[in-house]
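Position chain C against the provided structure of chain L, taking the given hints into account.
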Amino acid sequence: MNLQVEMEQHRKTLIIRLSGELDHHTADMVRMRLDEAIQRGQVEHLILSLKGLQFMDSSGLGVILGRYKLIKSKGGKMVVCEVNPTVYRLLDMSGLFKIMQIYDNEGHALSGLEVVS
Amino acid sequence: MSGDKGNDRNFMTLQFAAKSENESFARVTVAAFISQLDPTMDELSDLKTVISEAVTNSVIHGYDCNSEGIVTITAEIIGDTVTLTVEDRGHGIEDLELAKQPLYTSKPELERSGMGFTIMENFMDEFEVSSEQGSGTSIRMKKRIESKKALYN
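Chain order of the listed sequences is L and C.
When we follow the working numbering, the leftmost residue of the first sequence carries the number 1, and every step to the right adds one.
When we follow the working numbering, the leftmost residue of the second sequence carries the number 1, and every step to the right adds one.
Keep in mind the hints are simulated off the structure, nothing from the lab.
Beta carbons: idealized from backbone N, C-alpha and C, even for Gly.
Pair ranges (Cβ atoms, derived):
1) Phe11(C) with Lys69(L): 39 to 47 Å
2) Gln4(L) with Phe11(C): 33 to 41 Å
3) Asn122(C) with His10(L): 32 to 40 Å
DSBU-like mimics (lysine-lysine), calculated; alpha carbons at most 30 Å apart, straight line:
4) Lys51(L) with Lys74(L)
5) Lys51(L) with Lys19(C)
6) Lys74(L) with Lys107(C)
7) Lys100(C) with Lys69(L)
8) Lys19(C) with Lys69(L)
9) Lys72(L) with Lys107(C)
10) Lys77(L) with Lys107(C)
11) Lys142(C) with Lys100(C)
12) Lys98(L) with Lys107(C)
Rough simulated footprint, nothing fancy, chain L against chain C, three-plus residues with beta-carbon under 8 Å:
13) 49-62
14) 109-122
Just chain C, same shape as in the assembly:
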């Protein structure tokens, strides 16, 4: 609620089939959850973009578009900071350093731009990937929300 001390914790978990049609569902849902922090349009669009990138990675690379796979997102708000995790139990990433290189893609035949990790790194304050081949990938990202209210005060 408004007028809190800024230390309240709030969270949500979202689980869905690794289908491309769920990418927009995921980013809209996360944006709706975060809107309680009163983010600016830019902040909201950054968060939607990183969720879209992470979920798309899980669908295409984690599960090779096999929709039996499950993607799990958690969003946690502590004070004015949002922590997002996007996890899959898919193939995992063979070479993480290579995957993080701008413009590198393991699937050029699908016309991927290779910018997913670069975008996540740029749009968030903190960004971490852990991945193990054969057991999945987890992405953890953090961003402080300036909030429109703070701008006016």
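Next up, chain L with everything else stripped away, as it sits in the complex:
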């Protein structure tokens, strides 16, 4: 599978680092792993860190929007950071930044979430 998921929990915030290619083929695995982690742990907020993400298409958008709905229904927030220009264009086109904050890096995202929580 040419997509890696790395997760790290900071208090009630789960940092998700995706690297590789997020398409229809890899989307199911990402969806399963994230939902499992969200249900299992004490996760209130999500930080999606996309530094290593080399490719993403509309299937990836579906995964992101799905997790956003899930965490929002639990009263939490989801933010993105470290977005490369290619992925940025896709997120921008889909109107994602109207519902999700974007930060330069994980540190800024964490402090941004602490302010709101």
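Same frame as chain L, but now just chain C:
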């Protein structure tokens, strides 16, 4: 070759089983073919994205993930313009105008974003879909490649 008049035609055809694991194969192969035009990174990633969208549509919507289906891609280069076609012989699209609406998806249960056609329209200069229920869908897209060479000259 370099130094041509820019009118040479080149093409390739690619056929493969409608399996999700072939989506990355398809976009990487098309990108490799187009790299002879010396595209910028942005152009190359646009082309990879539209191929991924079109092939994913064929796999999910055209064939309902039945891997006996066949997807055919042709890529044609004339001068500095690339024409891509992605075809399947699947179910076809019931309502094309509806399918093209941003955020519309016929399969919300699969958590599709409904952005596939919007992305293809935005990333390419020309974009056309023809579809007939019961016999398949064909997508034809065109893009002029600026080329890094042209930027330097």
